[in-house]
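Trainee: Chain by chain, the residues:
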Amino acid sequence: MNDQRPLLEVKNLKKYFKTPHGMLHAVDDVTFSIEEGKTLGMVGESGCGKSTAGRAILRLIEPTGGSIFFEGEDLLLLNRRKMQDKRKKMQIIFQDPFSSLDPRKTVSQIIEEPLRINRILRKKYERLAKVLELMELVGLAERYINTYPHELDGGTRQRIGIARALAMNPKFIVCDEPVSALDVSIQAQIMNLLKQLQEKMGLTYIFITHDLSVVNHFSDDIAVMYLGKLVEKAPAEVLFRDPLHPYTQALLSAIPTPTLKKSKERIILKGEISSPVEPQPVCRFANRCIHVMERCRQECPELVEVEKDRYVACFLVGQ
Amino acid sequence: MSKTKEEVLQKTKKYKKRSQTVEVWHRLLRNKAAIIGLVIVILLFLMVIFADVLYDFNDVVIKQNIPERLQGPSVKHPFGTDEFGRDLLARIVHGGRMSISISFISVATSLFVGAILGALAGYFGGRIDMVIMRVMDVFLAIPPTLLAITIVAALGPSTVNLIIALAVSNIPLFSRIVRGSVLMVRDREFIESARAVGANDFTIIFDHIIPNSFAPVLVQTTLSVAIVILTTAGLSFLGLGVQPPTPEWGFMLSSGRNYIRDHGYMTIFPGLAIMVTILSLNLLGDGLRDALDPRLK
Amino acid sequence: MKDQNTVTNALEINDLVVEYRTEDGIVQAVNNLDMKLEKGKTLGLVGETGAGKTTTGLSILRLIPDPPGVIVSGEIYLNGKNLLLATEKAMEKIRGKQVSMIFQDPMTSLNPVTVVEDQIAEVIELHENLSKSKSLEKARNMLELVGIPGERGKEYPHQFSGGMKQRVVIAIALACNPLLLIADEPTTALDVTIQAQVLELMKELRETYDTSMLMITHDLGVVSEICDTVSVIYAGRIVEHGTLEDIFEHTGHPYTEGLFNSLPNLEDRQSKLKPIKGLMPDPSNLPAGCPFHPRCNYALEICKSAAPPKVYRNENHYIRCHLYDEVNVKTGKVLKG
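Chains A, B and C are the protein sequences, given in the same order. So for the first sequence, the numbering used here puts the first residue at 12; every next one is plus one. So for the second sequence, the numbering used here puts the first residue at 21; every next one is plus one. So for the third sequence, the numbering used here puts the first residue at 35; every next one is plus one.
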């Protein structure tokens, strides 16, 4: 096993959608990498492209351009059968535990499906045994084995989704807002579970969320996205201690903290998010940025490594 | 943690599946009208199955018996006899067998073909959808009864041709319903989840989309059976359906017209048979729609 | 009738009981709920899904769907007047004028086929007896007040972003300068930076209009930004109530403590999250005694059978918990944190 090379390397990933008004740049030229066993948090507000990027990496949506190196191989060059094979190692956990499970299938059928489709464990009872094993791993009571999703609550359903994602023993899991739809006290339970599983099974995660307090707790590195572009990437505690990009600063200061001691002045952004359709080749944050300069309205800043492992795309910093 | 086959199976047998079908069944049973419909439909089914046991086809149903002609209802002939002396009750029972089997076979065919076309159109969208749906639109532009008449007229009147005509005229309806259902399910997240674990289109359509699109189709099926029975009766009334001497309700209605003044029972009983059948199927269909519709999602 | 002292309260709820009578059983949504809100202040009603927060809000406006909902008993005083005794006609005059509500989802709160200034003007026309043109003028002023240029009044809701739609909703709610504004999770559906903008706006408007506000939310962060007092609701009852300081610095009830512990601590990344074990109770089948006891780390034998009484720590702060008595509630060393 090559420890030097990152497990996942994404280079210049693009995803554009055709709309009646022109090309929508959902994900635009995104580059980053993740080491095995680590968690990359991807944050940003709605429309920033984080969910699209997550799905594009798994080729659930076909990327428009770029390369995705998983274990050294470019996924975009693989044919259908080879990609099918790779899928066993790359899975996804969805946000909505209500719509991501087939309402007509029982818990064991849902968890068993990946095994059945990929012809892992040919005998029915072998698959059932694996299902029971997975249920225990994620904290699902045995008695749920023949129940239907609608009979269970959000947190339990999400555990089903997690068990299903683990069925084929993947190396890499994209967690797309896995706790956003859950109550606060259940969120904590699921987060702890995901962390345990990572330690136990050596999993690598991309953790997509809009909730910054959650991502801080969970990630090694954090990538901040705005309108399809990666604007800052840094190790988590560095990002929180000293955010460099003005958007990251505003984002962090906007989080309502549940304490009475307000340590910082809140940065309230002005204006609205500009359109991702046919964007101008300028900084996309320019119209809301409190530090905006002339240059920002004329060019688009590149993502630059300003220190070891710290990347920022802003003319104020290191350009 | 290796488990033997027996251990595993034993464990899972402990936890019974609270089947969704059972739940729907319970909800259906709460609806009094639906129960009435269901009971009558079951009785009709039994009648169809045991038709031959009750009345021998050649001896009683089609064999003429002139001395007993045009008798009113009595103990020997509870529904009376027709102009050829044949027992009317026997003819209604066998006529029912014709009507019901014809409608079931033709609706089943429509459903099968329509569902495949609708599922393909809904799932793949784009050009496939456009082609299939425009063809269906052409057929839909023609009233189903008229279409059936045209087909029978072209192929010649016989029971088989009747079934073909009825089946074809209902395919567009089912394809449209299935397509609509599929469109609603296609973009749900659990379909994406199936793709993420490696399912191909075929598996997704049969394993996930069709079971989840089922409900509206089931309701439409019961209602369509009723309509087809009516259409069959209509066509037979016009002489384009089942050919004599095989009994059929519509045909019996038609031939009874000539005797309607003094022997009204010859039209009343076939008419009642049609009415009761249609009503019960409609009640059942409505009840199914209510039982399947809310809360299940 | 209430005496002069308590008319300083914009809202007072006593012993409210609300049930939903369904085919599958009776859902006890609100169980003997008490609440007080002083004029000009903001009360945060904090709880998770299914605790009864929205039902409480709807009860004040008497908008509980009936059937299957029934307000069984209790009193709701708006500025001294018992709303539960008012006629439906009287309530129609009160809604939008004396009490306004804003809901969580701005997407569905606005009429998609009417331009926004008309929607604001409608409320004004209904309650203030102004002419159409004067109402429209006032509507445009409201838009400016919430930070939207007046010319945009002629646009339809779908032409606005989520944050702007919510501002329109706020404009409608405040158009007639109501005594009480009930905000049900007004920022939950919005992005963090937009949430910050909307909260700032609400704070400003509250100053300008001196509106009393009931802020229904599950987010303790939002509570700390905008509320003066806090009521923590669990299984349809208030389990703890106090000022912001009381709740944040002298947390009393185990559930409140659990809520704080479930939140990721921005200061301390390494600490493990401490979720509350178990699940929210089924409101059609509540546990006997204290409804929180199955999930409580401090549960005593008595908690299983007897509902806990209110124990006051000071004039404002009370806790419904058997752990407390007159003595230890003041020393504040009961919970382990």
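Derived by calculation from the structure, the hints in this document are not laboratory data. All figures in this text were calculated on a predicted structure; none of them were measured in a lab. Don't be surprised by glycine CBs; every beta carbon is placed ideally from N, CA and C. A portion of the hints provided could be inaccurate.
Claimed, not checked - Simulated coverage check for chain A against chain C, where a stretch passes if three residues somewhere in it have a Cβ under 8 Å from a Cβ of chain C:
id, region
1, 148-162
2, 189-201
What the hints assert, rightly or not - Simulated DEER-style distance windows between Cβ atoms:
id, chain 1, residue 1, chain 2, residue 2, range
3, B, 159, A, 73, 14 to 24 Å
4, B, 132, A, 73, 49 to 59 Å
5, A, 308, B, 159, 57 to 67 Å
Trainee: Does each hint hold? Answer for all of them.
Mentor: Outcome of the hint check:
no. : hint                        : verdict
1   : 148-162                     : violated (count 0)
2   : 189-201                     : holds (count 7)
3   : 159(B) - 73(A): 14 to 24 Å  : violated (36 Å)
4   : 132(B) - 73(A): 49 to 59 Å  : violated (34 Å)
5   : 308(A) - 159(B): 57 to 67 Å : holds (59 Å)
Checked against the numbered hints above, the structure breaks hints 1, 3, 4 and satisfies the rest.
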